[in-house]
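Trainee: Each chain, written out:
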Amino acid sequence: MNDAYGGLGALSLLARGLAGVDVEVQALTGAGTRAVLTGRKLLLPEGTGEPNLRRAMLAHAVAHLRHSRPARPAHGLKPMGIAVVSAIEDARVERLLWRDFPGLHGWFAASLPPASDPLDLRFAALVSRMDRLLLLPDAIDDNHWVNKARRLFEETIASAGLEDYDAFRAIASILANDLGQMRVRFEPQHYAVPAPWRDDNSYLWEFAETETAPDEAIALQQAGARPPPPSDAPDEGSGPPPSDAADDIELGRYTYPEWDRKLERLRPDWCTVIEKLPAWQGLLPGREQAAPGNGRIAPLALPRARHLDRTHRLRRQWEGDDIDLNAAIEVLVDRSLRLRPDARLFMRPGKGPRPSSVLVLLDLSASANDPGPHAASLLDIEKQAALLLAASNARGIDRLAIHGFSSNTRAEVYYYRLLEAGRPLDAPTSAMIGALRGRYSTRMGAALRHAAALMQAEPPGQRAVLLVTDGAPSDIDVHDPQYLIEDARQAVAEARDAGVRAACIAVDGAADAYVRRIFGWRNYCIADDARSLPVRLARMSARLAAAH
Amino acid sequence: MNAAVPDPLAAYRIEAEPFYRPAGNEVALYRQAYRHRMPLILKGPTGCGKTRFVEHMAWSLGRPLVTLACNEDMTASDLVGRYLLDANGTAWHDGPLTLAVRHGGICYLDEVVEARQDTTVVIHPLTDARRILPLDKKGELVHAHPDFQLVVSYNPGYQSSAKDMKPSTRQRFAALEFDYPGSALEAKIVAREAGVEPGLAAKLVAIARCSRELKHRGLDEGVSTRMLIYAGVLIRDGVTPRESCEMTMTRALTDDPDMASALQGFVEAQFG
Chain F
1 MNDAYGGLGA LSLLARGLAG VDVEVQALTG AGTRAVLTGR KLLLPEGTGE PNLRRAMLAH
61 AVAHLRHSRP ARPAHGLKPM GIAVVSAIED ARVERLLWRD FPGLHGWFAA SLPPASDPLD
121 LRFAALVSRM DRLLLLPDAI DDNHWVNKAR RLFEETIASA GLEDYDAFRA IASILANDLG
181 QMRVRFEPQH YAVPAPWRDD NSYLWEFAET ETAPDEAIAL QQAGARPPPP SDAPDEGSGP
241 PPSDAADDIE LGRYTYPEWD RKLERLRPDW CTVIEKLPAW QGLLPGREQA APGNGRIAPL
301 ALPRARHLDR THRLRRQWEG DDIDLNAAIE VLVDRSLRLR PDARLFMRPG KGPRPSSVLV
361 LLDLSASAND PGPHAASLLD IEKQAALLLA ASNARGIDRL AIHGFSSNTR AEVYYYRLLE
421 AGRPLDAPTS AMIGALRGRY STRMGAALRH AAALMQAEPP GQRAVLLVTD GAPSDIDVHD
481 PQYLIEDARQ AVAEARDAGV RAACIAVDGA ADAYVRRIFG WRNYCIADDA RSLPVRLARM
541 SARLAAAH
Chain R
1 MNAAVPDPLA AYRIEAEPFY RPAGNEVALY RQAYRHRMPL ILKGPTGCGK TRFVEHMAWS
61 LGRPLVTLAC NEDMTASDLV GRYLLDANGT AWHDGPLTLA VRHGGICYLD EVVEARQDTT
121 VVIHPLTDAR RILPLDKKGE LVHAHPDFQL VVSYNPGYQS SAKDMKPSTR QRFAALEFDY
181 PGSALEAKIV AREAGVEPGL AAKLVAIARC SRELKHRGLD EGVSTRMLIY AGVLIRDGVT
241 PRESCEMTMT RALTDDPDMA SALQGFVEAQ FG
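In order, the protein sequences belong to chains F and R.
Counted the way my numbering counts, the first sequence spans residues 1 to 548.
Counted the way my numbering counts, the second sequence spans residues 1 to 272.
Extracted from the complex, chain F is given alone in its bound form:
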């Protein structure tokens, strides 16, 4: 996947910049040789090794996203009409795109197939020759229909402008009609868009219910488009059966209140938090080794946070804020004795460590098991990110704790103390974290209250809880979506009053709706792409540890 122009990730970024909207670029498995654009998702055929061609495919998709109206009704058009209208539309939106990005012309021109045989008068050859003429102003062709297409196209640009879809639709109808009169045959089964960088045009059309074939094809391709699980993660079948929470060893029970937004008060002793040790029992040495150590994510260099320690004054310095009176007197004495004075007569506050404790609280609900668009499940990435953070001895964070939680109604909020604050990360702990599985729901408030209570036992200094979640708080015994959000907000406020800052990283593009409500401005960060989680986690924890 990695070539001179980067992998699919780089193509996604390129698309975002050119199109101004997020585009998910994925590999299309299967036999298709043309790209498929569905909504904001672009599937690129896997066999496309040529990096230039992949970029041209992407640029063409960007042209559609910027300038085409998707899903126009296809009824009333014959298959050949659809193909001609699509080809003219492709040329139109590409022209519009070059207008804004003149360099893109070269990307398309480089992917242009060699000129077709002038004697080949089949449909695909004629369309291919038309594409060539519309793309290359200097190209020459002796076919009347192809030259007519160019003439009509250029005249329409001059008269109606490139933005006028209907004018181009009209010339496409004329051209399709001409082809019919020329008795050119069209075989939909054997036709693929001739220009290799163009998509299959399913983006442009909506077929009525009875004509489901193109839609079905896309659905099938999409199902097949999900990337295979990475080789280092064994598939579900070979893993152990999901262990039940009942197997875990219970360590203690704590009750916490919960905020009821309708009553506007705390319901006392409403939730029970059960601290547990996960029942991992050293299973699966391969799996937990694979998770942290597979080198997919490079270790991070974090900025060092320095803290001024005013209790600690450095005397006899070359420079500083204040004159060290004792040293100054000695200088004056030395000077009157005509000795050479020691010029180090300043003092300044020293920089000493101030303990900062960060508790990373992982959401271990069942939804974290879902595989993301890039194969690894969020839970796997969460685990890797947490282990990396612990293993990197992140500078600035003196005491790092990693805990996790999931909930099954208010009576059972499971809380796992995976890595205790101040303890080094050892092999059994990494194994335990590696073997974690997601289950149940996300009752954020109770877990945050417990985490904040634990943090209050930490030495004074910076104390922060950093929650990593994949969605809004929820639980099966709560039906009001706002209820748990408001409760979590209350828990964050309580923690802040107790001197514990709570912050959140949400791996959920739609998280804006609730994280800001819960955690407040600047106390959250949204990772659109789960793969950026490790970096964001490291940055956010360093920021929390260094905050004033």
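Keep in mind that the hints were calculated from the coordinates and are not lab data.
This one's a predicted model, so the numbers in the text were calculated from it and none came from an experiment.
Keep in mind that a hint or two might mislead.
[Said to hold, decoys possible] Quick look at which bits of chain F chain R covers, simulated, 3 or more residues with Cβ under 8 Å: (1) 96-108; (2) 483-489.
[Unchecked claim] Not close to chain R: a few residues of chain F, all C-beta gaps over 10 Å, as computed: (3) Ser173; (4) Val331; (5) Ser532.
In this text, a Cβ means the ideal position worked out from N, Cα and C, and glycines have one as well.
Assemble chain R onto chain F, guided by the hints.
Mentor: For chain R alone, kept in the frame of chain F given last:
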């Protein structure tokens, strides 16, 4: 105070007009704020013209401009001054802020959040109706010169910064928000500052527009106007557009290969 020196701020005076193209009515608003010597925050992304704006305003108002780039190690003494030893014993030396306060300059604290919060509190008595600067080490109370004004800059989008501005500090300021200018204006600025033709400047601006779409998708900030000017200057000197953009934008902005590839793609989308 220092009668021997006619103008202690002479070095801080701006002789030639700094080029600044207004994007809105910020010039008029600044003039109004200056009439009342109101302290100002200039907010906005890196390289969008905050510093140039304040230079331009200082020049047009005929005031000296004392600029201080704030950093974490900066202490209150670095702002207000300190005692040093000389042949006769100790002697007080005014810091840059005190100079501006005494002699009526505009003091500009660039990236003020980079300074620690206990440093920035020294500006509090200057930024309310009192307009005084107590030099407690020296036992002097400096009343601000009638022309003195305090301006600070601040980049709210810079997420990796570990710092925020203290509410008690920000409340003392009026704020002007800056952003990158619109495409046409930005192209004019790049063409003028880099000395390149308008068509080339427009292409550079289009690259910057694309890169700004990637903010928070792996880039803390997109390509700034300043970077475009750098790129334009190199192209004017005969460096190829691709190499200039790679040097001044792609490699300067990111170390991530995917991101670099995408940025390079934007360059190629303009220059082929």
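Trainee: If a hint holds in the structure, say so; if it does not, say that too.
Mentor: The hints, checked one at a time:
Here the segment 96-108 of chain F counts 8 residues with a CB under 8 Å from a CB of chain R, which clears the bar of 3, and the coverage holds. Check result for the segment 483-489 of chain F against chain R: violated, 0 residues qualifying (beta carbon to beta carbon below 8 Å, three or more required). At roughly 32 Å from the closest C-beta of chain R, the C-beta of serine 173 of chain F stays outside 10 Å, upholding its exclusion from the interface. At roughly 6 Å from the closest C-beta of chain R, the C-beta of valine 331 of chain F falls inside 10 Å, breaking its exclusion from the interface.
Once the 10 Å rule is applied to beta carbons, serine 532 of chain F is inconsistent with being away from chain R; the minimum gap is 7 Å.
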